[in-house]
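In terms of our numbering, the sequence shown has 185 at position 107, counting the first letter as 1, and numbering is strictly consecutive.
Just so you know, the hints here were simulated from the structure itself, not pulled from any lab data.
Treat each hint with caution, since some may be false.
Derived DSBU-like pairs: lysine-lysine, alpha-carbon spacing no greater than 35 Å straight-line [what the hints assert, rightly or not]:
(1) Lys-180 to Lys-211
(2) Lys-179 to Lys-210
(3) Lys-963 to Lys-890
(4) Lys-412 to Lys-321
(5) Lys-864 to Lys-696
(6) Lys-864 to Lys-321
(7) Lys-966 to Lys-124
(8) Lys-574 to Lys-292
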Amino acid sequence: MMRTLILATLSLLLFPSLSAWSPADEPGEMRSIGLEELKISSVEQKVGAPRINAGYTGSPLSIGKVPFPRGIGSHAPSRLAFELGGLAERFTVSVGVDDGKKDGLGSVEFIVLGDGKELARSGVMRGGDSPKKFDLDIMGVRVLTLSATDAGDGYGSDHADWAEPTIFGRNLPIPIRISDAEWNRLDDAQLQSGYVVTQIAPGIWRLRFGSPEKFVPTECLRSAPIRMEGLEQMTAAPRLPWKMSDINAYTTGRGTVFELPMNSGEQVYGMGNNIEIFNQTNRRSVVRASDRPEELQNDAHAAVPFFVSNKGYGVFVDSARYVSFYAGNVALAKNSPTVETQTENRIETDVAALYRNREVADKVMVIDVPGAVEGADIYIFSGPTMREAIQRYNLFSGGGALPPLWGLGVAYRSAGKFTQEKAVRLAKQFREDKMPCDMWGFEPGWHTKAYSCSYVWDETRFPDPAAMVRDLNTLGYHVNLWEHAFVNPLAPFYEKMLPWSGNYMVWGGLVPDFMMTEARDIYMDYHNRVLIDIGIEGFKIDECDNQPLSPTPWSFPECTRFPSGMDGEQMHAMFGQLTQMLFDREFSKRNHRTYNQVRATHGLASPLPFVVYSDAYKHENYIRAIGKSGFCGTLWTPELRDAASSEDMIRRMQSVVFSALAQVDCWYMDNPPWFNINRKANNEGQRHEDADENTRIVRDLMNLRMSLVPYLYSAFMDYHLRGVPPFRAVVTDYPNDPETWNLDLEYLVGPSLLVAPVTAGQNARDVYLPEGEWFDFWTGEKFAGKQKIRIEVPLETIPVFVKSGTLLPLAKPLQHIPGDACFEINVRVYGDGATPFVLYEDDGETFDYAQGKQNEILLKWQNDAGSGSVTKSGSWQTSPRYEIKEWKQWK
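With the sequences and hints as input, model every part of the structure.
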């Protein structure tokens with residue numbers, strides 16, 4: 079009887095959604111359970127999600143025209159894991175390619191693993207083959223894994239059926255299927271305590287505890303409506319990541335606390351874009367806007383209170399407070415082990431060992447929202463995969479930003495002390511030297527007063543700004559101006575802004591309360607008349623974060639009062655984004671797309687056409703931030719400024735090419751860094767001995783960027799419509815591979831590229847290639863995935879790998895991208911080229927594409943030949959945007 083009770087307890091721990099073992103059931107009685115009745119503890123599926131009692135397409139399970147009433151349908155490649163806890167003894171299943179509707183026959187190899195050890199392999203099975211049955215001994219197996227591979231020939235039509243999967247054992251729990259509604263339901267105690275759960279959109283729920291504050295991101299920072307169309311097209315996710323009744327929330331005198339379940343091996347990411355910290359598991363992280371993103375306290379320019387788990391869900395805390403996340407590094411007292419079960423009893427004498435980070439057995443995510451003393455909201459995003467959870471967050475925010483085509487070219491910011499004459503002269507020199515460039519930026523020197531800002535052109539340097547903008551436009555440049563929103567007394571609208579500003583100043587300037595309509599109107603009325611009306615197409619918004627770690631901070635204190643009722647802490651979180659929203663609204667009203675820079679942003683920022691930058695400058699951290707930005711709905715530029723050497727300059731430029739904004743920023747240098755690599759040499763006018771060779775290499779890199787523009791435009795359209803980050807960490811797409819969990823210096827670009835930048839001093843580096851096959855972008859050499867390779871890296875090369883099955887459109891480089899640009903495309907085919915690619919054709923400058931003025935050109939590779947056809951024809955009928963010139967295949 080005691081053995082039975084122990085097994086019953088174990089069953090409850092392993093199968094919390096199943097009923098308990100009855101003491102009346104004798105352990106000698108053999109029982110059976112359909113595997114589809116159990117919760118899938120881990121899912122890794124490249125396309126879509128598994129289906130219960132149906133094939134992948136939703137039709138009844140059928141293999142070789144043999145119907146099956148129950149089972150699991152998936153799409154290879156896939157891996158489905160089930161925690162059995164060693165309770166099962168035998169496993170039977172029939173496998174084969176589903177008969178349901180698909181483009182081809184499909185080919186799949188089925189593999190069953192027990193605790194990672196292979197138990198059976200089907201060999202390659204094709205559509206129409208008769209089902210193959212396994213009958214396996216799984217005595218003692220704790221985790222049973224069902225793996226379906228694509229048989230090495232691409233995954234088209236690879237619909238895999240696991241028919242009538244059954245486990246047998248004498249001590250099995252009896253399953254009770256819990257409905258999605260029951261799973262998502264609050265229990266009576268939660269209802270009485272003031273919890274309210276509301277489904278906001280497919281796969282998205284809001285959990286409200288108590289009464290949230292007035293000034294929160296969903297009320298103050300929403301710049302676009304939820305993109306429902308994109309959410310409705312995603313894989314169904316009807317369940318929360320945990321039972322709602324397993325969540326705990328309460329308020330204290332200092333704020334609101336949420337406690338969420340965590341798995342022992344779970345990895346979490348995000349919590350803002352601090353550029354030192356990648357994996358946030360087992361850490362305490364405070365999400366706080368700061369100009370110090372390299373601090374280990376987790377301060378960041380993008381202080382977004384959102385995290386995502388490799389278990390396939392995300393959580394957004396709807397607060398502008400300095401939220402703290404304890405990601406599995408604290409233990410609840412009710413779950414702590416007794417003294418008798420403590421195995422560690424040695425006395426530490428080493429300080430590092432004494433204060434080491436100890437692993438917690440029963441993990442929990444604790445979210446501490448200080449200041450929210452009456453309650454708060456959290457939003458829960460159920461994937462079912464990690465990438466889909468991020469997509470749902472971005473679509474909830476309104477979808478990703480779609481830059482104008484010219485925004486994906488090269489951006490250059492000239493010296494802060496430049497005159498109108500010098501700027502135009504250097505811009506002309508770029509054209510003569512055939513250095514590609516689309517955006518020309520001006521730094522603080524254009525103002526009569528910059529810290530704080532007057533927003534008035536300095537006539538001694540810029541006697542005719544409108545003429546200068548026209549000259550630059552004629553050369554093919556789009557003009558961008560630096561500023562911050564602290565209003566100097568010399569600003570023409572200072573007196574008007576005074577009643578609508580905070581009660582403390584910054585650098586002698588007002589801090590406008592952009593929550594107030596009056597402040598917004600005053601600020602933008604001036605910008606429209608004086609700046610945007612003469613042709614300024616973008617802005618760089620500086621100094622909009624905070625300096626909380628300094629004993630002499632330059633920004634306003636947290637106790638600042640604003641006319642709207644917002645306090646300084648809340649304004650620090652939202653000030654940068656409120657400023658972005660002013661310009662976004664104005665350019666949207668003008669039906670003109672823009673692309674800008676900003677130094678601070680917050681939640682729901684993905685629709686805003688702003689790229690985050692930093693005054694920090696450690697190259698390794700800049701690389702890490704590119705991938706990390708994808709965790710929180712932001713974009714990042716690792717801009718090139720000065721450099722320690724020619725090698726450092728070139729390596730930095732390589733990272734710039736493979737980022738959201740290819741920006742060179744020379745605000746304190748007269749000459750580009752390929753002429754004078756550092757500030758001292760620039761200020762003294764010293765031409766670097768390698769200037770000519772550096773110029774050639776940088777020109778080649780800029781041309782590489784220009785060749786990627788069509789590919790990047792499609793990646794950004796995927797961000798806009800479906801929420802897929804165009805730049806993201808490798809773990810985002812491969813969350814179940816432990817090798818990716820801390821892979822912070824590689825990242826994915828678009829659907830198919832893996833980039834592994836190099837820093838100065840490296841002539842070789844290790845690159846981890848995840849599952850699948852990969853091709854070297856430069857040589858075409860093929861590599862098997864799930865391995866780390868060591869590669870030599872010549873100075874002119876940045877490691878780039880292309881996923882097998884890819885069609886990669888590369889354009890003939892242009893010096894700049896005019897409105898009527900036509901890209902000559904060479905399509906590279908990698909492997910079987912099984913994955914079609916969509917090129918988007920529109921005017922590249924307005925929002926008319928949203929009204930149907932857009933064509934979709936589908937690139938396909940079949941029977942060793944390529945084709946490009948318009949599959950969605952809109953009303954944009956001007957000259958073609960793309961001309962396919964060549965197809966070339968690597969196998």
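Checked against the structure, which of the hints given earlier come out wrong?
Of the numbered hints given earlier, the structure breaks none, since each of them holds.
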